[in-house]
Amino acid sequence: MFFELKLKRDVILQPHELKSGMYLTGAVLSKLVEDLNLLKCTEEHGYYVAATTLESIGQGRIRSVTGSVVFAVEFNCLVFKPYKGEIVESVVSQITRTGFEARCGPFESLFVHQKMMEGFEFHEAQSPAFNTFKDSQGTEIQKDTVVRVKLIALRWDDRERTYRALATLNDDYMGPVQAFETGLDLNK
Amino acid sequence: MASTGGEEEDASELKLGEDFLKAKCLMNAEVALILEKKFETLQQLSEDASSQFSQVFEKSLQYVKRFSRYQNPEAVKQVREVLSRNQLAEFEVCVIGNLCPETVEEAKALVPSIAKKDRMDDEQIEQMLADLATIKKYE
Numbered sequence: 001m002f003f004e005l006k007l008k009r010d011v012i013l014q015p016h017e018l019k020s021g022m023y024l025t026g027a028v029l030s031k032l033v034e035d036l037n038l039l040k041c042t043e044e045h046g047y048y049v050a051a052t053t054l055e056s057i058g059q060g061r062i063r064s065v066t067g068s069v070v071f072a073v074e075f076n077c078l079v080f081k082p083y084k085g086e087i088v089e090s091v092v093s094q095i096t097r098t099g100f101e102a103r104c105g106p107f108e109s110l111f112v113h114q115k116m117m118e119g120f121e122f123h124e125a126q127s128p129a130f131n132t133f134k135d136s137q138g139t140e141i142q143k144d145t146v147v148r149v150k151l152i153a154l155r156w157d158d159r160e161r162t163y164r165a166l167a168t169l170n171d172d173y174m175g176p177v178q179a180f181e182t183g184l185d186l187n188k
Numbered sequence: 001m002a003s004t005g006g007e008e009e010d011a012s013e014l015k016l017g018e019d020f021l022k023a024k025c026l027m028n029a030e031v032a033l034i035l036e037k038k039f040e041t042l043q044q045l046s047e048d049a050s051s052q053f054s055q056v057f058e059k060s061l062q063y064v065k066r067f068s069r070y071q072n073p074e075a076v077k078q079v080r081e082v083l084s085r086n087q088l089a090e091f092e093v094c095v096i097g098n099l100c101p102e103t104v105e106e107a108k109a110l111v112p113s114i115a116k117k118d119r120m121d122d123e124q125i126e127q128m129l130a131d132l133a134t135i136k137k138y139e
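Residue numbers (the numbering used here), protein chains in the order written: chain A, 1 to 188; chain B, 1 to 139.
Incorrect hints may appear among the rest.
Mimicking DSS-like on lysine-lysine, the simulated pairs with C-alpha atoms at most 25 Å apart in a straight line are [said to hold, decoys possible]:
(1) B:Lys-59 - A:Lys-31
(2) B:Lys-116 - B:Lys-22
(3) A:Lys-134 - A:Lys-115
(4) B:Lys-136 - B:Lys-65
(5) B:Lys-116 - A:Lys-84
(6) A:Lys-6 - B:Lys-77
One side of the interface only, derived from the structure: several residues of chain B facing chain A at Cβ under 8 Å [to be verified]:
(7) Ala-11
(8) Leu-21
(9) Tyr-138
Listed next, the stretches of chain B that the computed footprint assigns to chain A, with coverage defined by at least 3 CB atoms under 8 Å from CB atoms of chain A [to be verified]:
(10) 53-61
(11) 104-116
Hint data in this document are derived by calculation from the structure and do not stem from the laboratory.
Heads up, the beta-carbon is just placed ideally off N, CA and C, and yes, glycines get one too.
Please build the complete structure, drawing on both the sequences and the hints.
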């Protein structure tokens, strides 16, 4: 789910990055955006999508040894954080014998095990890109199919700086989303 | 780190963690409006704007554009009004706004918390879904 959070962060400018007046605000903001982009995601807040509004920039504090200046910045930030128990619409990215992987916006490590999709059977194609899961009614899951899934377990991967989730289709109203009337353009 | 007092976060019980209790939750359609505006502004400011957008930004924009049930900003506002009228939690509002359940049964399956503790009866849920369908129709 997407949230708008009020966050506080220390932004550090090196002496050569310092500017005066309004330009200083600009320098602090672009450094903040740069920092958030590098950070990508944390376990605490999820994926940092975009800083939206600036609340305040504190007085700069000079560090004695390096001469760099630290600014405490308060701002609002758009984040995406997945939750256990959450139901999302995801896009299938890869299909293997054991199950399929799907992505949901910035969150790209959703896995649905073949045991978590009752009624579906694996069909191997000549090229792995065309592997599918099919059920007896002819419903098909292939690459790029939109699937509504429920996240059942969530894990933070510190090395890759990302969340990983196990999801299931074995619940009411889960599964491939047919082109339904609600205005989703599934071919985009 | 993110858990509050060892309690596990769980969306179906609205346990979202300390920092997120007061946070504003956003529907895909609302996120799309914000990100598209930001994308346009930054593109006007500089020529090689594409380098300023992170992967997270680009993937989010791509996702919310595809998964927005409402495109018109006025409709998005109305959807939020309808949902807020029913004293739903922010998170519940957004799940319904994102997934657009069509029946009462589906709504209760997607947001189990709305039917708990007699918060909403079937009639109220039905009325809410009908209101949302109307907005969609006239968007």
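Given a cut of 8 Å on the nearest C-beta pair, is the interface hint for B:Tyr-138 held or broken against chain A? Since the shortest Cβ distance to chain A is 12 Å, the answer is violated.
Keeping to a limit of 25 Å between CA atoms, is the pair of A:Lys-6 and B:Lys-77 held or broken? 22 Å, holds
Let me know if the C-beta of B:Ala-11 comes in closer than 8 Å to any C-beta of chain A, holds or violated. 4 Å, holds
Between B:Lys-59 and A:Lys-31, does the CA-CA distance stay at or below 25 Å? 22 Å, holds
CA of B:Lys-116 to CA of B:Lys-22, is that 25 Å or under? 22 Å, holds
In terms of beta carbon proximity below 8 Å, does the region 53-61 of chain B have 3 or more residues touching chain A? holds (count 6)
Take the C-alpha atoms of A:Lys-134 and A:Lys-115, compute the straight-line distance between them, and say whether it is at most 25 Å. Status holds; Cα separation ~13 Å.
Are B:Leu-21 and chain A close enough, Cβ to Cβ, to be under 8 Å, as the hint says? Since the shortest Cβ distance to chain A is 11 Å, the answer is violated.
B:Lys-136 paired with B:Lys-65 [C-alpha distance capped at 25 Å]: Holds - the C-alpha atoms of B:Lys-65 and B:Lys-136 are around 16 Å apart, at most 25 Å.
Verify this for me: three or more residues of the region 104-116 of chain B with a beta carbon less than 8 Å from a beta carbon of chain A. holds (count 4)
Would you check the hint for B:Lys-116 and A:Lys-84, treating anything up to 25 Å between C-alpha atoms as holding? 19 Å, holds
Hint compliance for this structure: hints 8, 9 are not met, and every other hint is.
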